[in-house]
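Trainee: For the protein sequence lines, the chains are A and B, in the order given. So for the first sequence, the working numbering puts the first residue at 1; every next one is plus one. So for the second sequence, the working numbering puts the first residue at 318; every next one is plus one.
If you are wondering where the hints come from, they were derived from the structure by calculation, not from laboratory data. Every residue, glycine too, gets a C-beta built ideally from N, C-alpha and C. Careful, some of the hints might be misleading.
Claimed, not checked - Capping the alpha-carbon separation at 25 angstroms, the derived lysine-lysine pairs in BS3-like fashion look like this:
| hint | chain 1 | residue 1 | chain 2 | residue 2 |
| --- | --- | --- | --- | --- |
| 1 | A | Lys-105 | A | Lys-133 |
| 2 | B | Lys-514 | A | Lys-172 |
| 3 | B | Lys-597 | B | Lys-609 |
| 4 | B | Lys-411 | A | Lys-172 |
| 5 | A | Lys-197 | B | Lys-489 |
| 6 | A | Lys-294 | B | Lys-450 |
| 7 | A | Lys-294 | B | Lys-411 |
| 8 | A | Lys-94 | B | Lys-611 |
| 9 | A | Lys-172 | B | Lys-609 |
| 10 | A | Lys-172 | B | Lys-450 |
| 11 | B | Lys-450 | B | Lys-524 |
| 12 | B | Lys-597 | A | Lys-172 |
| 13 | A | Lys-303 | B | Lys-489 |
| 14 | B | Lys-381 | A | Lys-133 |
To be verified - Computed spacing ranges between beta-carbons, pair by pair:
| hint | chain 1 | residue 1 | chain 2 | residue 2 | range |
| --- | --- | --- | --- | --- | --- |
| 15 | A | Arg-270 | B | Ala-365 | 58 to 68 angstroms |
| 16 | A | Asn-92 | B | Thr-332 | 30 to 40 angstroms |
| 17 | A | Gly-272 | B | Ala-531 | 31 to 41 angstroms |
| 18 | A | Ala-301 | B | Asn-404 | 40 to 50 angstroms |
| 19 | B | Pro-606 | A | Lys-222 | 27 to 37 angstroms |
| 20 | A | Gly-272 | B | Asn-491 | 27 to 37 angstroms |
| 21 | B | Phe-521 | A | Asn-84 | 26 to 36 angstroms |
| 22 | A | Pro-289 | B | Ala-531 | 50 to 60 angstroms |
| 23 | A | Arg-95 | B | Lys-489 | 44 to 54 angstroms |
| 24 | A | Arg-95 | B | Asn-401 | 27 to 37 angstroms |
| 25 | B | Ser-368 | A | Lys-292 | 53 to 63 angstroms |
There are 2 protein chains.
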Amino acid sequence: MEKPYVVGIDIGGQTTKIGIVDHHGAILSQTVISSTYGPDSGDKFMDAVCSAVQSLCSEVGFNKIQGIGIGAPNGNYYTGMIENSPNLPWANGKRVFLKQYIENKLTLPVTVTNDADAAAIGEMTYGAARGMKNFILITLGTGVGSGIVINGNIVYGHDGFAGELGHVTVVKHNGRRCGCGREGCLETYASANGVTKTAREWLFSGKYPNSKLAEIEEITSKDVYNAALSGDELAVDVFNFTGHILGEAFANFIAFSAPEAIVLFGGLARAGDYLMKPIKEAMNANVLPIWKDKVALIPSALKESDAAILGASALAW
Amino acid sequence: MEKPYVVGIDIGGQTTKIGIVDHHGAILSQTVISSTYGPDSGDKFMDAVCSAVQSLCSEVGFNKIQGIGIGAPNGNYYTGMIENSPNLPWANGKRVFLKQYIENKLTLPVTVTNDADAAAIGEMTYGAARGMKNFILITLGTGVGSGIVINGNIVYGHDGFAGELGHVTVVKHNGRRCGCGREGCLETYASANGVTKTAREWLFSGKYPNSKLAEIEEITSKDVYNAALSGDELAVDVFNFTGHILGEAFANFIAFSAPEAIVLFGGLARAGDYLMKPIKEAMNANVLPIWKDKVALIPSALKESDAAILGASALAW
């Protein structure tokens, strides 16, 4: 019989969030531990995770926990491993047997996937995509990730790594250099880093002598958003440019899987109409006529601070 | 209990092929009728299909037929209709209730899908993709179509029209005008028509004064292939250019669904290494490092003359 709670674990570069979640997506209790362990300390990190889960679950009773869902960078659903994650020193250039290790230690079923797939499952279970069978979630954070849902299931592909939509090529010639080693990836333009890069490039070009952003030494995407709010022309144009690139890319994604909606998740998604409007325009201008004005564009419905735990927890149902 | 035979029907612009097929993909008998009926003659066409099926099946016995699979341009799996197919005058600008009409008349279950999806199911059932759960079939014919298989199932999407990969935008600025009303679609470069268009443009440019293709009045993609075989520089360059555009597009498709293979189907796929080699090069040069040399590129394994019937028939199992 299904038990009333699951554990959601979101492993990030700096911290790992752990929470107990019920069927309605309410977080009963949560805790945060550090993810910053050294290159050979994967086991130590996983021991710390297990201890934190044990003390958290002792409150509600271990026998009421259905299972554990973990979202992690480069987490692989098929193998249950983190496979070479450059942002986690203990998983850089190696495979960490996350599922196997934690299952052995806690004797609870563990499901692993990457962070964007976890977010998509979270939206489907508790958020903006409830009741949807076909949608694409795009995470607009430091990078750009994606979780693709077809027929109610996450697309993992042949090897478990499907849904790398941050790395479709959107600029073919002289595109920006990407962390993946290639050029012109969507992520280099449409992530928070991409937005600040565009802003810096345009400031440097001298075309916007009056932009207030010139006064800021280390521009963040939040600075660009705040500048847009106050009417700064450069900032508004940066969001138009970014939205346009996203909308063009979304038109191609729609030709692939004909989703009911595209859900935007992550920090940049909070830019609201500054970003949503140009995305919608470019999406509808570039999509096949049969899908014009047919695919919804919606922001995440999960509370930002809870979204990571909720997404991971949804894996465990 | 499952019966030993199915009927496969492939509706094309000029002719409709009908065949009886067994579990091994052998065609027991087949026939061809005309598809060229006038704007208000959809019922007449469907009556002719039903008569042809009845006389074909009388040989093996109607009670041994499991069902009927139909591949048709703009055939919709969900609705069982042909929805606005410009190449079929009796289905142009309207919906034809194919499944409903034929089921009523023949009292056999009917499954409808579009031609590229039928081809993908055919390859999965009898051809190059047997045993595969995740692959993408690309049809390189007059146009460019696609059938996407994820987890062993065709991707139909929210509305039944998913998999329009011939209409992803591959040239963003000043791209060729496409029949769909947009510009720069993959189909305008990588179809048989695209190949001949490229050849004509390059002949006209004067850069290839020695090409034998200059002697041909109405160049076809077969002429370009024959010229390539005899070492014609323009023809070889046309295939390199076409293959490069396809390979770049495939790299993006792989980021979406991480397929085990991409299967090439249709006339242009017979150009062999003239096309396969540049596709492979561009695909591996543009794909994320994790997929480099990991995704197979394979030609269809179905006999060209039988492929359409086999593909449609596979729907009925």
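Trainee: Sort out which numbered hints this structure fails and list those numbers smallest first.
Mentor: Per hint list: 1, 4, 6, 10, 11, 13, 14, 16, 17, 21, 22, 23, 24, 25 violated.
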